[in-house]
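Visitor: Starting from the given sequences, assemble the full structure and let the hints guide the process.
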Amino acid sequence: QAINHVALTIAKVYRKAETARRKVQDTLALLPIELGFRIRGDPQASLNVIPMHLIENKVADLRGAGGMWYITNPHPPLLQEVANEVGEALGLNIQIVREFKPSPPELLLQKLLTPFLPYLQGEPHFPTVVDKGFRLPRGYIRDMVRAFLQAP
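Numbering (this note's numbering), first residue to last: 1 to 152.
Keep in mind that the hints were calculated from the coordinates and are not lab data.
Be a bit skeptical, because a hint or two may be false.
[Said to hold, decoys possible] Quick list of simulated restraints, FRET-style, between CB atoms: (1) HIS75 / VAL97: 18 to 26 Å; (2) ARG22 / GLU99: 26 to 34 Å; (3) LEU108 / LYS132: 28 to 36 Å; (4) GLN110 / TRP69: 30 to 38 Å; (5) ARG22 / LEU78: 45 to 53 Å; (6) PRO51 / LYS12: 21 to 29 Å; (7) GLN25 / ASP131: 45 to 53 Å.
Each residue gets a CB set at the ideal place from its N, CA and C atoms; glycine is no exception.
Guide: Here it is as structure tokens:
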């Protein structure tokens, strides 16, 4: 759900920035300007995204086994890959960048995403009980965000 919250926040900030951009562009008769967003983070860091059905199945398999088990993605996507899929879902160019001077909309976005910023620096890796061959399907994050944004 965190990815969906981040996507919704980006969409809201974009809507405000796009309204202002159109007003300035139309007033000054400028050529179309494409808006994108930069988010401070490590583009090569990974994010443990794993489908709920996989977690549910593993919990059912391990029921009564005792001990501590890590149900993590053995091949988590890189943050830039996650940003690309969220961007595809929103129709935006989203870049994860280590350092940059943020624009006013990017400053607002950074403030609104404060609780999620630690995850943009990378996560610890734990041994996993998930099959080592598991890979998140291409488009999984994009489709998840689109479904969330279209829900009533």
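Visitor: Looking back at the hints listed earlier, which ones does the structure fail to meet?
Guide: Result: hints 3, 5 break, sorted rising.
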